[in-house]
Structures are given as structure tokens and as C-alpha cells.
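Chain by chain, the residues:
Protein chains: 4
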Amino acid sequence: MFRKIEHRVFRDPVHGYIHVNHQIVWDCINTKEFQRLRRIKQLGASFQVYPTAEHSRFSHSLGVYEVCRRMLTEVDDLKNNINDYDKTLVLLASLLHDVGHGPFSHTFEAVSKIDHEEYSEMIILGNSEVNKVLKQVDDNLPEEIASIINHTHKNKLLSQIVSSQLDADRMDYLLRDAYFTGTSYGSFDLNRILRTMKVVKDKIVVKESGVHAVEDYIMARYHMYWNVYFHPVSRSYEAILTALFKRMNNLKASDLMNDYPLLKEFLNEKTPNISSHFILDEALMLYYFNKMQSSKDKVLSDLAKRLLNRKLFGYKDFEDMAQYEEICKLAKEQGYDPIYYVYKDNLGQTPYSPYSKDTSSLIYILNKNNEVVELSKVSEIVSAISAGKEKSESKIFFPKEIEV
Amino acid sequence: MFRKIEHRVFRDPVHGYIHVNHQIVWDCINTKEFQRLRRIKQLGASFQVYPTAEHSRFSHSLGVYEVCRRMLTEVDDLKNNINDYDKTLVLLASLLHDVGHGPFSHTFEAVSKIDHEEYSEMIILGNSEVNKVLKQVDDNLPEEIASIINHTHKNKLLSQIVSSQLDADRMDYLLRDAYFTGTSYGSFDLNRILRTMKVVKDKIVVKESGVHAVEDYIMARYHMYWNVYFHPVSRSYEAILTALFKRMNNLKASDLMNDYPLLKEFLNEKTPNISSHFILDEALMLYYFNKMQSSKDKVLSDLAKRLLNRKLFGYKDFEDMAQYEEICKLAKEQGYDPIYYVYKDNLGQTPYSPYSKDTSSLIYILNKNNEVVELSKVSEIVSAISAGKEKSESKIFFPKEIEV
Amino acid sequence: MFRKIEHRVFRDPVHGYIHVNHQIVWDCINTKEFQRLRRIKQLGASFQVYPTAEHSRFSHSLGVYEVCRRMLTEVDDLKNNINDYDKTLVLLASLLHDVGHGPFSHTFEAVSKIDHEEYSEMIILGNSEVNKVLKQVDDNLPEEIASIINHTHKNKLLSQIVSSQLDADRMDYLLRDAYFTGTSYGSFDLNRILRTMKVVKDKIVVKESGVHAVEDYIMARYHMYWNVYFHPVSRSYEAILTALFKRMNNLKASDLMNDYPLLKEFLNEKTPNISSHFILDEALMLYYFNKMQSSKDKVLSDLAKRLLNRKLFGYKDFEDMAQYEEICKLAKEQGYDPIYYVYKDNLGQTPYSPYSKDTSSLIYILNKNNEVVELSKVSEIVSAISAGKEKSESKIFFPKEIEV
Amino acid sequence: MFRKIEHRVFRDPVHGYIHVNHQIVWDCINTKEFQRLRRIKQLGASFQVYPTAEHSRFSHSLGVYEVCRRMLTEVDDLKNNINDYDKTLVLLASLLHDVGHGPFSHTFEAVSKIDHEEYSEMIILGNSEVNKVLKQVDDNLPEEIASIINHTHKNKLLSQIVSSQLDADRMDYLLRDAYFTGTSYGSFDLNRILRTMKVVKDKIVVKESGVHAVEDYIMARYHMYWNVYFHPVSRSYEAILTALFKRMNNLKASDLMNDYPLLKEFLNEKTPNISSHFILDEALMLYYFNKMQSSKDKVLSDLAKRLLNRKLFGYKDFEDMAQYEEICKLAKEQGYDPIYYVYKDNLGQTPYSPYSKDTSSLIYILNKNNEVVELSKVSEIVSAISAGKEKSESKIFFPKEIEV
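Chains as they are written, first to last, in the numbering used here: chain W, 1 to 404; chain Y, 1 to 404; chain U, 1 to 404; chain B, 1 to 404.
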């Protein structure tokens, strides 16, 4: 059903090559919606801390596809238990799962109430080049692929490959983000995990001989969170982004917003359609920030300058609300509206939680007696970590010029 | 004279860390002109072939600075023969030598007659944040730094560090471009070259025991040219960019160009000033390409779509003018104006040329008898390569839809 | 006092180069006792599992020296608080701390009651080339260096550099063993740890901003233990080695042992002198194993064949003594003396123990308030791991031919 | 015919994993003759220069097998044009091609007139465990495999895989030797070469799109020769080894040689049988060197000490015979017999020679017109190099103590 093509490759520093064997995969890559991902950074604000963190959702999406392809080829239980049709489905789902991503990763989502998974679904199902490519081969494809992404597909294996605690998405981004930031934290032994993967009763599990590689993977994630994703300098950039969007929201009735017509829809309650979403990429945002620098609105102009020219907020550990209010007071006295200029965040990350009721957030191990058990039962390390208290961090961000 | 600061670093996958020890270096990095380099890709069109070639001039410029810093610290003859003032000068020159770069690397320069070196000088000397930072410490700094970049500084060593056949710029970009494309071609033994560098009579030379590392470096450059910089798919993208600029030039009197006000100046004879140059980054260009997609001008709109959505031209080896004219004729018949839709390039690269009259384009070796000789005299490989004929390549690019 | 020489280097894949600047370091490397380390594998039996784990104590010792050299150069607090004399002392101590190592790592020590640290001291203090090299410069050197190694030197910093929870020895061997086995487990961010090291009141501490790198280092160690050092196949080889030494001990009065004269001394109660120790390297052992293959003693000959030709024991998880006795019984019935042919081990490793009374086994962190606190107080991960139960493993080894 | 087993792997830093799928491959690895290769260093004397060059013929042989396996799996033309029987044959030939290697690589061969290829054949065909393993499956196997190794097998493709200008042997050793010495010279793009390999009329060729990778491979070889294999310090060690063997030859009638019984056979005209060869490994040689240190023969004892304790000869570039004779004269005056103490070598390496009459030493390219042409016809670089003069080097080695 799916036409094979002469084997094509993309060079990729993380996986060596990305291998493409199906016409439909090639065609999806060459849609305008997928090409748009080149204009969205994978790590949002991290390039402010790690200058080389400039890689895009485009190469990450190819990477997720490639890890999926390797799982389907190298893990015998997946190779033998999934039919060719379903294999192509899950390859396409891996490729397209992020196609609806907006600029600046999760910051924009937080402010605009827009959900990238919702958009991925809208693009796959709606009036898009992607949808056309899929339908040309089979009318059911868009629904099938969307159902893998939103976990409603009847073949439970497929969704686990695309998103679970040990999925192609996470396995690519840890390796990729480590490579492009130049940190070693994210590295783990992907080969070993693939070599020890099995399927037991529709569940992807790892043999006990792979437990150390899984522990390493969980630690890699933990370290990437605290060293990269949650780095205070990125959060400072995000604090300013958030403030800027807040300011735009508060100005949305004003004429001043006419200078940024393509953003206006995103400040409303209604979810904009996918053609509005399509033009919303980081090139547009940077162009608008450039323009905002000369806005008559002082707040907008100041925040935009800070983003473009790296005049970031400073920060302090959050102690209590009294401290927070004191900083707000000082900010106000020095002419900074605390609504935009004082920002408190609170971040937590649990490396792995064995008590989750959601079994999709558990990792299962096939022990030596051929029983499937939850990871923390065989891993002293994971068991210890899960019993410990969650690490969390809260900081207050505000302009360095404020004397605190 | 130059204030030392507590040692700060940027993480960098190529060099491990970028080390900053001077307040003035830190301040230059934080100018808006230097931060703008984050919005200019180092490799222009290469991301069309190597999806991860998304790194910026910003991280490259930090890398050149770092290689320069290592030369000044690790090469004893440079460490001991350059005074502290000149060391800081050359560090700043390394950092700033590309600050005037425009979008899409050399393609834009070719079309607009704009020279990035000229702009680097204009930014350093003119009304810029960079200039202010420099002058605040010493009124002569801008001129001194500019003179290193344009090779008129009296201390000849300084210019050799920044630009020569074995300079910090080339040594960074080969390693960096190899890392970010995921090709191994560009790798060579930087440590070995630094370990064998000496200074003899104001000339940077390499000891004979480092000749193999230099040979490897020359081959790295050769391979990077043919595998990355001159890859036909990049050239196809550049062919379209060139056509698009040509079209804009031909439309410059038209109202249609009012949609892209920030570009208009660049279509004139006169060199735009640095504030016009400042806003010209790839974010702006991509935003304009997005806008051009709905231009009433069919050519502009078609070319912009090709760039954004990767509908690139195909290509054929150039054989003779008859073949070229035949393709032009076919293009015309099928509705494509050959002025924009048929493009012939011609590229050549000599790995190394020992016969150059310009001694700055030669590499010198300190042989075992302590004589300084030109590289090809001691390297059989380089001597052989230099005697061979230059490799060159000419291709014709045109829409794949044209049936040739 | 210590003569500087023109900077010499050894190429090393782990650290790039090993840098030598002192005549005395160069001379120590060129003693016969230090060169002997080339004939002792760093990882004893691990090459039976990881075929490329063939690196020697020689390159590891150079690596420890190099990490020490980097600590003294790159950690400002060490650079500034240790005088030149003490710096050279600790460099020599790093280089020489393993000079007394015997073949097959710890297995041989276990059987022969020989302690490699004791031998290192005997070589440094006794009648050796090493001792001569040291005394030629300063009569006190041997004692000073020995006192660093055995933790009695008055400058407490020096011993911490050579052996503590975060010392040059461990930091080299994790990286090195990871590199040569081809596992990624042992990698951690050495640069980051060096960048965040400080000295507070004669204690080497790490700034809070380096805690993640320390956590990673502790996990690296944990993983290397369970994946490499404690790999059951290595333990199987060690079980056979142990049995073979046991057999030799039991035969020590017999004429059969006359074939292996150089080993006889090591089977006695008395510690052999350093000239006997000198000739005991892995070349000798392998030669003797070769010879033992034709011994009239069946056990000796069988065990030697197993070691040389990789006919290793199989293994089972130890359950209880009844199981162990059952296996012994079966072995006996099938003609295998359980004294030599059934072996039970029991291995445990605690990643890090914060409750130790020995402060030298703790890691200290300089927190944001400039207080020195024990690691588990700031690291949720380490705190969790330390609270968990220790991982331990016990296996029974016996010939695969025994049907159990 | 060849029994498949559950997929087993060896971890390998160069190739990730070595994959074993056939019982017979597993069994060959576990023969005593193959295990003996663990006791032979891959690079002979190079560990004297590159301390970590301690890897063995054992891991190299596994690596050659793995490259062969990848060629048979990843190169479609090989995968499809070689039947399963022949595939297993060539896998075994790759694995076993070096099984006859002696200690210290080529030095020993030069002195003893022993040829490792001859011994590989003798072991495969003769009374060995390897031979038994092979015959157990098929009586013809030994002859078939030997005929691949000595290029007489009727299927010409098989021999090309094992030994030709672009074979599994060279491709493994360049990568492996680069990895273990820590030099970057030997790296080239194996993936790219495999991706562009084709078979045309029983000839392995590379598509034109792979020419750059082939050029890089040729340069890698060139650099490895001059930087590693021909390093003067290794040659100095080899000069001493050669002298020591010469001395033993001259003493072969003497009682003094009774201390080294296992070597005596190798000093005769007659080729020793494979059981004598079997015990000749580097452990034995090092044990004998140790013993020779106390030989009554001064020359033997002195040379052995030099080898063990790294008191190597110094060297000078050879100028003319007058200089050589002068050094001999000085040596004699200072008590060193020039027969053993003055050594002149002469080494040359041609990166690639297109004029060879032996087509097996040529590399063929499939150009864009689907014609098979010799490499230098399409590669300007190779063409230039081949036209240049061969690089060669001659040095004189003698004790540093001789004042010249």
C-alpha cells in the first residue's frame, strides 16, 4: 500500500543518518507545515544560556522518526508483531507529532492557551498539505495517525512508541539537546535500551539486563531538566516573554496592536485556525520584537529590547510572599510595573514516579523469571529516588536595575 | 588598562568552554549588534541539505575568539611576544570580525554589492553600541581593531591570528561546521597545530613536526568545500535566492515593493547605513518571504514559496553554452522566464596555492634546520596537490518541472 | 628546586595530552618500576567481557597525574594555596600511587594477602630506580611522597587530591575505563567539576553550581561498578583465578610447583621483597598459565586452560546455603572438587554514604550562603540514594558442564 | 547449513557492537588459537610512543569481522549477490585472516622469515581447534576459507571484501588504531563508503558521490602511516628488537640459548609447526626479555633491558653512507658493536598508486554515466598525489650514549 522509494537519507549528527524508505514519509517532510518547523527552535529560550542550542523542531522531528524506525527494525518483538501498515502509521505519527508546535516552546502555550498537540491534530485532520499527502494514499490515514498521537488508537503499542516514559520522542530529545548544548548530561545508551526491549502482552518492556541503561536514561532526563530546561537564565528570558504577551493582551483593544496584525488572533479567546497558526513562527516573532522596540508603549518597547539584546532579568531564590511583595514594592517605587516586571515561577520535576495511577507513565521490566514488574521493584536507584522528596525550585525574576 | 572580571564561560560543544576574562569582551558580546548575529545562520543555505546546520554567526564568532584566546595562551611564542594591550586588541578583533555579516552568507552580498567586511568596519567605527563599548575604555580602540581586521595594523602578528591561511577564523569554522552538519570531513588536530606553532620574524610558522596536522587541515578544508559549502542542493537554494533578489531589483520602482520597506534601501546603489543594516537579519528575510508568497507578482511569490517550502530547483552538470541555451529555451516555452529560472554557477577551490604572490596566503614551516620554508617544500602531499589542476564545477539550475 | 624541562607530551585519548614539565616526572616515568605497569592491565579480568578493555595501569597512572596537574593549574584555590614544592610532590604521588600494583588487579591481592598500596610505598622508599630518581633531587622526597599516599602528610590538601571521594584517581579511571570498554556509563563532566572546585579550610569542596556534575559522577561510578567492574563474566574469570591460586597454595610443598619458581615466594606468609614483586607481571602469569596447561596436576592444568582459552564458569544467583551445598554435591559427583570448582561471591557497592564517620569519604559542597555542607544536604538525588538500601549481589560460579 | 544462534554481541568502542549470529562464528572465537590473539598487540611497538596503543589483534579481528558483516548487510549489491553459504565463508575469513599473527607485528616476521599469512593458512588447514570447529560443519570449509584469504577462491567478491584497497581489514584498523592512539588522523566516513558501494561485474566499486569519502580514507591511511606506524620512536624499538633477534640468531648454537627453549625453533631455517607457533605470544617474549636481562651475554642482556625499560636508541636522518659509516666507527670506539647497535631503515608509503598492474590494488569508481573508472580519473586529489613523488624516509638508530 505504501510505495517504497529508493532509500534516501539525511545526515544527522545524533543518529548518523535519518533513513527514508517510503514516498509518503518523503512527501510529508516536504509539506509546508513540516518545513515550517525549521523556523521554530527546539529549545525555546535555552540559546540564551547555551549559545549553540539553536537546533529546530524540524531536526528533532526527523530524529523521533528515526528512533521509531530503529525500534521497528531492531527490536525483534516490535518488528515481528506490528504489520507493515501499522509500521508506516507509527512512523508518520512520530514524524508529525510536533507539527503543531508554536514559537518559544511552552511559554507561548502558557500565555495563549494554545496547545501544540491540539494543533498537531488540527493540521493532520484539517485543510493542510500534510492532510492532502496522507489522504492521497488512504482516506483513513489522518484519523489513524491522529489517534496514535492522542492515545486512542486500538493498537496500544503504536502510542507507546510515540509517547510513553520510554518513547522515541524523549529518547531523541535527550540525545539531541545534549549534543547541541554541548553538555554530556543527556547521554545514555540508546543501543543498549533497544537491544533489551521486548513486548509482553501489548506492553513495551525492557529486560532486566537493560535496567542500568534505563536508570542512566532517567538520570539523564533529570540532569537535562535541571541543567538545561530549567536553567534560570532561560527562565528569565521566558519571564520576559510572558510579561510581553501579558502586555499585548492588556493592549489588545488598543490601536498600538495594529502594528502586529498576525498576532491579534492569538490574543483572543477563540482558537485561531491553522492558517493563522502557520504563519506564527519565530521569524515572525523576532520581526515583531524588532518592530516593538519602537512602539509608543514603553513597556512593550522595553521588553522587546530586553529579549533581542539580552538585557535579561536577574533573579533570587523565592523565600516567602513577604519577600516577593517587598520586591514588587521596590519595583513600583523605581518605576517598574510589577505586573510585568516581577515574575515568580515554581518548577518541579520528578525523575520517575512509580506510584502513578496512569500506567502509561510507568516503565516495566521483564525480570529474570520472565515476570513483568514495575521498574522501581528491580532498581534500587529508582526506588530510592522515588521515595525521596521531589526537587522543586521557585525563583523571583526582576530587572537587574532594581536595587533589592 | 582592560579590567579583568571574574572568569565567565559559555558552554560550547566544539571547544568545551568559551572563556571570558575581560569586562570589555563581555560588554561587546552584550551589544545589540553582536546579539544580532544570533539571527544569521553561519552556513546560509546548507540547512537545506544538512538539516542540523542551523548554527549561527554568533556561536562561530565566540569560537573564533576562543581559538584566538587559546593561541595567545598556549603558543608560547605568541604568549611571550605580544603585550597585554595587543592581546586584548586581537581578542576583540576575533570576536568582532564578522559583526557586519548579512543574512544568507555570501549570496546576499553578491546580489547587493554589500561587503560584510566593510560593514564590520562601519559598525566598529560608526555610531553603534559596539563602538561605544570600545571607546569607553580607550578612544583609539575602534581604529586599532578595525586595522587588525583590514590588515593595516603595524603589529603583523595580530592580523595573521585573525585572518591568514591558518587563522582562528578558519580553524573554528571547519571544526564547527563539521560538528553541526554531522560530517567528519572538517575535523583536524587543532591541539597539534597549536602545539607546533612558533613565531619567526613576525611570521606565524609551524614546526616540521606539525606538518601532518597542517596537511590534514588543508584536506579538511578541501572536503568541507566540496561536501558542504558547494553542495549542489545549497547552490540550488542560493540560485533561487539570487533570482528573487534579481526580481526585487527589477521591481524596485514598483509599488509592489512597498510591502518590504526595510529591503528597499538595499536595492539601491548607495551603501545603506548601519542602522538599516542592523535590522536586516534572517528573521526579517523569512518574514518577508512569507509575505511575498501572496505578492501579486507571480515570480516573487513563486520563488518565495520555493525557498520556504523547499521546492528547490533541480540541476545538471554544465556542458556547454548550447546546452544552457537549450534549457533556457525550454524554460521559456514552459512559461518560466530564464532570467530568474535558469541559473548557471561555476565554483572552484584550490586546497592551497604555493605560487601566490600574496605571502599572507602561504603557510610557512620551520624545518629541522631551523629554516623557514613554504609548506609545499616540505610536504609531498601539498606539493602534489598544488601541482595538480584545480577542481572546479559548473552546474545549471532550473525548476524540476521543466522537462529537459 | 625541581628542574623544569622543555614541555613534553604523551598523546592520550582521554585527556588529549599528558603534559610533562619537570625532569623528575620524566625520570620517574622512565624507571623500570613504572614501565612495568605497561604489563599490568588496568581492569584485570574485564577484557573477558569487554574485548577492548586492554589498557594498562601505565596509561591510567599517567592519567591520574594529568588530572592532578589540571587540578593544580585550573582550580584557582589549589593553584594559589599550594606552593611549588608541594605541587611537584603531589604530582609525583599521583603518578606513583599505583606503582606497586600486581597482576589481575584485586584478585591476586585477595589470594596472596599482598596489598598494592604497601608495595607502592615499599618501592618508593626502598631499593628501586624510582627511589634513586627521587633521592637524587632531595633526600626527603621518598618519605614525603609516601606520606601523601598513606594520608599522613601534614598538608591535608595533597592527600585529598590523590585519594578521596573526588580525587584524581577516580576521575581518571571512570573516564578511562568508559573509553576503553566503549560504554558510556562512566562519562561525567570533569571540566565542570574542576570549574566549581574550591578550597575552604584545607578541604576541597565543590560549589553548589557544580552539584549536578557531582551527582552525575556518583551515578557514573555506580554504573561502572555494576556494568563493568562487577560484571558476572569478569567475576567468573576471577573465580577461576582464585581457585588456581588456592590450588597452588595447596601444592606449595609439592615438586610440581618447581615449574613456577618466580611464584613460590608469593605463596608464603612473608611479604616478598620488591625485586620479587618486580618480576611478577601479567606476562609472567600468562607464561606460567601456558606452562600449567601441561602440568601433571589435573586441577592446575584444567584451570589454566580455562583462563587462557576462555572456558569460563557459568553462574547462578545465590539463593541460600542449601542451594550452594546442592551445587557442591553435584560438582563432586561429576568429578569436580568444589573447593576449586564452586565459588560464591558477594559484592556490594554504595554509590555514596553520607553517614560515614570518616570525613575523607564524604563530599562537601559550598552552598549559596557560603557554608560548607555535606553533599546529601543539597542533593535530593544523593540524599534519596543514600537512604535506600545498598545494592548487593551474590552469585555461585561453577563449570558449565555441571548439570544443575 | 550454518546454525543460527540467538543474537550475541560484544561491546566495541569503534563499531558500537560486534554482532554474532552463527554458532560457527561463536565457536571460532572461542578456540584457543583465536583467544591467543589477545596476547598479541595490534600495533607492535607503537605503545612506546602512544601509551594507550595497547589493543590486541583479537579486538581488531572482531572488528574486521564486523565491518565485513556490515558490508554484507548494508551494501545492497553484496547482500543480494552473495548467497548465504558464501556470506558465512567470508565472515569466517575476515575473522580468521590474522589468526597466524606473531608477536611484535612485522618486526618478528622480518627477522624470522615467518609469514603471518602462511601461518593463518596453516592454522585453518592444520591440526588446530579452529580447523576442528570448521570441519565439524563442513569438510570443505577450511580450504574454502583459506582460498578466500589467499585470493584463489572462485568468487572474486569474497577476497575483495577481506583484502583489497578498500577492504574490511584496512577499514577496521584505521578507525581502531586512531581510536586507541587518540589521534584523529585515521578517521574517515565508513558509513558514507558503505552507502555508496556497489558491485559491477564482480568488482566492488564506489559511486562517484562517495569519492570524497574515499579520498578522505586514502589520506587517513597516509597520515596513520607517517604519524603512527612509521613513528621514529616505534622504529627505534623495532631496531632494538631486530638487533636482539639478530643476536639470538648468532648465538643459536650456544648454550646461552637454552634459557629460551621455546624460541629456538624460530631461529632455524625450517618453518616451525603450528603448535610451536601457538605458544609464541607477547607474554612469552616479555617473559624471555625479563629473563635475558640477567643473561651472561652482554649484548642480549643490554638489549632486553632497553626494550623493557624504554632505554631506546636515538636517531638521525640518514644522509649518506659516509655518515652511516662514521656512526658505526664511533659506536665501535665506544664499545658498541655496530652490527647490533647501529641500524638504518628506509620506509616509503605511497598513498595510492593508479599505475599498478595488479588490479586488486586499484580502487574503482562508478561515475555518473555508469562507467567504471579507476579512482584517479575522477579524483583531482588522488590524481595529483599519484603524480607526485613518493614520500620516503631513512633514519639511522643508535644508542643515545654514543656521542655523534
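I should point out that these hints are in silico values taken from the structure, not numbers from a laboratory. Mixed in with the good hints there might be a few duds.
Each computed DSS-like pair below joins lysine-lysine, with the alpha-carbon atoms no more than 25 Å apart [as the list claims (entries may be wrong)]:
#	chain 1	residue 1	chain 2	residue 2
1	B	Lys156	Y	Lys391
2	W	Lys154	W	Lys79
3	U	Lys4	B	Lys311
4	B	Lys377	U	Lys32
5	U	Lys207	W	Lys391
6	B	Lys377	Y	Lys389
Status of the hints after comparison with the structure:
1. B:Lys156 - Y:Lys391: Measuring from Cα to Cα gives roughly 34 Å; hence the hint is violated.
2. W:Lys154 - W:Lys79: holds (18 Å)
3. U:Lys4 - B:Lys311: holds (21 Å)
4. B:Lys377 - U:Lys32: Measuring from Cα to Cα gives roughly 54 Å; hence the hint is violated.
5. U:Lys207 - W:Lys391: holds (18 Å)
6. B:Lys377 - Y:Lys389: Distance of about 12 Å is within 25 Å: holds.
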